[in-house]
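**Q** Here are the chains, one letter per residue:
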Amino acid sequence: MTKTKLATLGWTGLAAAVLFAEPGLAQEAAETAEAAADAAGGAPSPQVQYIFNTLLFLMGGFLVMWMAAGFAMLEAGLVRSKNVSMQSLKNISLYSIAGLMYWVVGYNLMYTGVDGGYIGSFGTYSFDPVGGDALDTGYSTASDWFFQMVFVATAASIVSGTVAERVKLWPFLIFVVLLTGFIYPIAGSWQWGGGWLAEMGFSDFAGSTLVHSVGGWAALAGAIVIGARSGKFPSEGGVSPLPGSSIPLATLGTFILWLGWFGFNGASQLAMGTIGDVTDVSRIFANTNLAAAAGVVTTLVLLQLLYKKVDTTIVLNGALAGLVSITAEPLAPAVWQAILIGGVGGAIVVFTVPMLDRLKIDDVVGAIPVHLFAGIWGTLIVPFSNADASYGVQLVGIVAYGVFTLVASFVIWFVLKATLGVRASEEDEMNGLDMSETGVEGYPEFTRA
Amino acid sequence: MTKTKLATLGWTGLAAAVLFAEPGLAQEAAETAEAAADAAGGAPSPQVQYIFNTLLFLMGGFLVMWMAAGFAMLEAGLVRSKNVSMQSLKNISLYSIAGLMYWVVGYNLMYTGVDGGYIGSFGTYSFDPVGGDALDTGYSTASDWFFQMVFVATAASIVSGTVAERVKLWPFLIFVVLLTGFIYPIAGSWQWGGGWLAEMGFSDFAGSTLVHSVGGWAALAGAIVIGARSGKFPSEGGVSPLPGSSIPLATLGTFILWLGWFGFNGASQLAMGTIGDVTDVSRIFANTNLAAAAGVVTTLVLLQLLYKKVDTTIVLNGALAGLVSITAEPLAPAVWQAILIGGVGGAIVVFTVPMLDRLKIDDVVGAIPVHLFAGIWGTLIVPFSNADASYGVQLVGIVAYGVFTLVASFVIWFVLKATLGVRASEEDEMNGLDMSETGVEGYPEFTRA
Amino acid sequence: MTKTKLATLGWTGLAAAVLFAEPGLAQEAAETAEAAADAAGGAPSPQVQYIFNTLLFLMGGFLVMWMAAGFAMLEAGLVRSKNVSMQSLKNISLYSIAGLMYWVVGYNLMYTGVDGGYIGSFGTYSFDPVGGDALDTGYSTASDWFFQMVFVATAASIVSGTVAERVKLWPFLIFVVLLTGFIYPIAGSWQWGGGWLAEMGFSDFAGSTLVHSVGGWAALAGAIVIGARSGKFPSEGGVSPLPGSSIPLATLGTFILWLGWFGFNGASQLAMGTIGDVTDVSRIFANTNLAAAAGVVTTLVLLQLLYKKVDTTIVLNGALAGLVSITAEPLAPAVWQAILIGGVGGAIVVFTVPMLDRLKIDDVVGAIPVHLFAGIWGTLIVPFSNADASYGVQLVGIVAYGVFTLVASFVIWFVLKATLGVRASEEDEMNGLDMSETGVEGYPEFTRA
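As given, the protein sequences belong to chains A, B and C, one line each in that order.
All you need for our numbering is the position in the first sequence, starting with 1, plus 3.
All you need for our numbering is the position in the second sequence, starting with 1, plus 3.
All you need for our numbering is the position in the third sequence, starting with 1, plus 3.
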């Protein structure tokens with residue numbers, strides 16, 4: 004009889020043996036007692052595990068919620084001052100819409116009744132009742148909803164950065180409604196909801212593809228449909244940098260995102276009620292941090308070698324690319340692997356930012372290299388450290404998410420363009436969206452160079 | 004014999020039955036053993052609960068402490084650049100004073116020996132000794148002090164925003180000393196200290212009234228006594244907007260406050276050592292988030308309908324009003340109720356900001372609509388979702404807090420006005436309080452439009 | 004037989020007594036049963052403790068990681084706008100380098116095989132395997148690495164602030180490589196690694212000396228070797244203030260650091276798996292907060308008395324000095340002692356900032372008064388509240404860290420000066436390091452006064 008089984012049998016067995024003294028049970032009871040003494044070592048009870056697991060979701064959730072502020076600061080810092088108020092408004096609005104839509108329809112579309120398929124169920128989501136004490140799920144359902152909800156907002160934030168400085172407020176918000184209520188949850192159901200990709204063996208621990216690439220594809224579609232900012236690609240050729248208004252705010256945003264990523268990846272372990280789980284969460288924290296650090300150092304070195312100067316904004320994006328890269332598999336890699344994965348992520352930023360410029364795709368904050376390209380890299384490289392994944396299936400997943408998100412996004416952006424129009428007038432763009440869309444300037448007192 | 008009682012009886016009963024074999028006890032012991040096996044499921048021990056509860060206070064505490072930074076950024080962003088350094092100074096000073104006063108006198112005034120009355124005891128507060136292991140309270144007293152202390156600071160921050168750009172430093176700080184050491188704790192003792200309102204059945208889960216309205220009433224008194232900023236209400240009529248210097252900082256401040264609110268409301272559950280408690284904390288997180296989101300979306304839509312433009316600062320205040328509204332009862336509401344409560348909070352901001360202007364009350368950051376008006380709304384509406392509350396008693400509480408705080412604050416502001424003077428000279432106000440009060444400009448290099 | 008021993012004996016004893024009924028054991032078994040019932044009170048099992056301890060490291064770790072953003076904002080706010088982008092770049096780079104170096108060599112140098120000596124072992128650090136379940140350490144090794152790693156970054160951040168606005172990027176980063184990979188870990192091994200100072204009885208709970216003074220000494224060496232900024236000490240005498248570009252960002256940075264310090268000091272308890280430990284963490288939170296508050300109020304009052312104006316930046320540094328002062332012993336002090344210790348820290352800033360100016364040592368952000376001088380004060384005063392410490396040994400430790408760090412830092416800075424050069428050209432300094440080192444301006448649109 005194994006120790007595990009003895010522990011499960013537990014004290015009832017002992018009591019039975021003692022009280023009714025069946026001959027065969029005496030020896031068993033003695034063993035049971037010993038196992039119980041061992042267990043007094045002692046594994047957390049299901050209730051204690053429930054509390055730890057729920058706590059992980061709540062902590063992870065508030066850290067990822069904080070990433071909404073990170074995106075807001077990153078983007079406010081990287082747009083010109085005449086669009087800062089608009090960018091702030093978009094970010095707090097998209098976070099709010101994401102939460103509402105994910106309750107109204109998104110969570111169930113993603114998680115209820117997917118069963119190997121392509122989509123879940125329609126309908127609002129219900130939390131545990133007050134004082135709820137059902138142990139079966141192993142965590143509070145509201146905590147899980149909260150944690151999953153903040154991920155949706157992240158995907159929407161990615162779009163916000165790319166299409167900044169020329170998209171109109173309401174068409175953008177309508178896109179967010181559809182992205183967070185339908186595109187993201189349906190796509191998510193394929194893997195995290197237990198859909199067809201999960202059954203095929205696709206692997207994406209915390210969302211290099213499900214969150215970052217999905218956001219990135221949607222952003223790419225938007226950038227193409229909306230077109231570049233006036234003056235970004237002058238008719239006489241070349242690229243105009245249109246530098247961001249506040250590097251310290253962009254830096255703050257990056258640090259916020261880095262901090263939030265400990266919740267993003269760490270709490271994607273989904274449990275910390277056993278020592279094995281909390282040890283894994285710890286590995287994830289360390290790997291996540293070092294992948295980001297490698298992204299930074301790689302961009303530092305490459306920029307110095309290539310350009311003799313170190314562009315601060317590229318380094319910030321190098322940190323983010325390192326983070327996105329490790330997100331598909333932050334647990335399995337040995338440290339040197341995590342560093343390698345993150346470092347390549349940083350390199351991707353250095354080499355693909357100019358590529359987008361050559362393609363005349365105007366991505367204001369560099370979100371496509373960071374979230375889409377590094378997200379693809381991170382997803383592809385999972386089998387390098389995780390033997391359960393296969394390169395073929397990873398590729399299938401990447402392509403599937405790309406095709407679906409791109410097609411759905413193009414359709415929505417085109418419909419918006421044909422109806423409401425998605426782009427501010429040339430005059431409004433020139434004067435800044437702060438005035439035309441919000442009526443409030445970001446920095447009303449500071450004169451511009 | 005109920006399961007609960009058996010579990011309490013526990014193993015001693017079993018041992019007794021086994022060893023001394025009283026006839027009647029054999030069956031009972033068997034039942035005891037079964038209950039114990041069930042319990043191995045198993046409820047966290049008092050010590051484990053103590054750790055979880057204390058951890059909740061510490062986490063909630065650091066999140067709410069972080070709100071001090073949120074208020075600082077919100078206010079620094081919403082004042083003109085010539086007063087930014089002063090506003091920063093006021094915020095870090097008031098947080099510090101609040102902590103010291105709450106240790107010197109506030110905590111005991113609020114929590115010790117109130118017994119259905121109107122005030123607690125005078126004297127400093129004592130923490131558990133090093134390595135303290137008294138289980139009776141169920142949490143560390145220092146953690147509770149820390150958590151309660153950061154709430155006091157919140158009340159003081161509210162005042163800071165309203166009276167900005169014309170109040171002098173030292174009179175303001177003296178007001179903070181009295182607010183955080185006496186007004187807030189005495190008022191708080193009536194409810195959270197187990198005073199007369201608690202006995203009457205008043206309900207205010209996390210402080211829509213006890214924290215936000217108290218701060219709001221004190222701010223209102225200050226705004227009236229100190230008067231409006233020069234130029235806010237020109238003699239030729241109308242209102243001059245005097246726009247804030249940095250919308251991204253105000254946005255950052257709002258996000259910080261939103262994040263901190265998970266601690267504010269979530270940790271006001273006061274326990275997470277059982278699955279029922281941690282499930283409730285999760286509900287609170289979700290409801291709090293969705294109420295804020297509803298505040299945002301409501302202001303977005305209303306502003307578009309009413310003004311054809313979406314004023315970013317009003318939307319930020321919409322988020323905060325949603326948060327204040329749900330604070331009186333973040334646990335009981337179903338999600339749709341939380342959304343409704345928060346949405347109305349947002350609407351309150353849209354409609355009452357112009358109202359204050361008509362009354363020529365100059366509230367620089369909109370703290371009165373957000374914290375006072377939405378706080379009243381949130382408190383009044385508690386019985387909508389919580390059957391234990393009554394509209395009548397809620398009204399009694401709201402009026403009692405209003406009368407007490409308003410009278411006490413008026414007295415203090417008037418005495419300060421009559422002695423030190425509360426208002427900067429017209430010249431100092433014109434040049435900015437940064438120069439007159441701190442000698443350090445907020446943005447010394449940026450020229451002003 | 005004591006209760007403790009009975010609890011250890013546990014259920015095996017009971018079972019044995021029951022089943023085999025040795026005469027002498029019957030009474031003992033009854034006692035065992037009672038003890039077990041008591042214990043059901045009940046101490047967390049080693050596994051539950053492991054989870055709590057690891058969680059403390061993870062939470063403390065992410066809070067201290069967040070301090071990297073705090074230093075970035077503090078420093079970005081206190082340098083002139085022409086150096087803001089460079090300062091941002093330095094801060095994200097140093098945090099990244101610190102993490103990588105601490106994995107490559109630092110952690111083992113500090114913690115492995117020190118055994119009363121002066122240095123640990125060379126080599127990379129290994130984490131627990133995936134799903135690791137070794138209970139012997141009482142926490143996950145990766146979580147410990149993460150927590151210790153963020154402390155190294157803090158030491159490097161201190162240097163960054165002092166030498167701002169004239170140091171070149173790459174020499175600075177090389178200094179960071181050596182500081183975080185070698186100087187800090189070797190110095191740290193003497194005490195936290197169980198080296199000679201630990202054996203002598205030196206006491207530094209969370210690093211007033213090991214982190215803050217080490218950073219401060221390294222900064223002092225840098226300031227001396229690199230020299231003052233052009234124009235700081237004009238040839239005609241006197242001191243030019245060269246005011247920082249954004250007081251609100253400096254304020255934000257200070258609040259971030261204050262928040263992070265709850266992790267810095269609180270998680271330095273290194274355990275929260277028992278009620279004694281979590282109670283101590285709570286005491287530390289309260290004492291840490293009140294010491295900072297006292298630093299603020301002391302500077303407020305002193306500045307008003309001495310200068311009739313309250314310099315915001317000095318008050319911010321007063322908060323930080325209060326925090327540094329209490330860091331050597333945040334647990335033992337009674338509240339009034341914590342307030343006294345922090346208050347003196349604030350006073351130190353007021354009096355030593357002008358002293359450095361007189362010595363023509365140019366410390367851009369005031370890091371030397373805050374981290375070095377207040378760090379010495381905090382370390383020296385430990386025996387005031389902790390009877391296990393002695394003033395003599397504290398002095399030995401302070402001197403040892405000073406001599407080692409200063410000598411090592413001087414050697415490195417001199418070698419860097421003689422080879423790469425450490426200082427930007429006069430022209431680059433005049434135009435700002437943003438242009439010469441990063442090619443990206445911090446605030447490209449705001450014209451300068």
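The hints are simulated quantities; they were obtained by calculation from the structure and are not laboratory data.
Just to be clear, a hint being listed does not mean it is correct.
Which copy? The list can't say, so a pair holds if one copy fits it or any two copies do.
[Stated by the list, open to error] Listed below are the simulated EDC-like cross-link pairs for lysine to aspartate or glutamate, each with C-alpha atoms no more than 16 Å apart in a straight line:
| id | residue 1 | residue 2 |
| --- | --- | --- |
| 1 | 235 | 360 |
| 2 | 312 | 431 |
| 3 | 311 | 431 |
| 4 | 420 | 391 |
| 5 | 235 | 314 |
| 6 | 312 | 360 |
Only a predicted model underlies this, so the values are computations on that prediction, with no experimental measurement involved.
**Q** With reference to the structure, classify each hint as holding or not holding.
**A** To see whether the hints hold, each was checked on the structure:
1. Proximity of residue 235 and residue 360 under a CA criterion of 16 Å is satisfied intra-copy only: 9 Å inside one chain copy versus 43 Å between copies.
2. For a Cα distance limit of 16 Å, the shortest separation of residue 312 from residue 431 across copies, 13 Å, qualifies, whereas the shortest one inside one copy, 35 Å, does not.
3. Taking the shortest alpha-carbon separations for residue 311 and residue 431, only the inter-copy value of 15 Å comes in at or below 16 Å, while the best intra-copy value is 37 Å.
4. Taking the shortest alpha-carbon separations for residue 420 and residue 391, neither the intra-copy value of 44 Å nor the inter-copy value of 52 Å comes in at or below 16 Å.
5. Proximity of residue 235 and residue 314 under a CA criterion of 16 Å is satisfied in neither setting, with 18 Å inside one chain copy and 28 Å between copies.
6. With identical chains, the CA atoms of residue 312 and residue 360 are never at most 16 Å apart, being 19 Å at best within one copy and 33 Å at best between copies.
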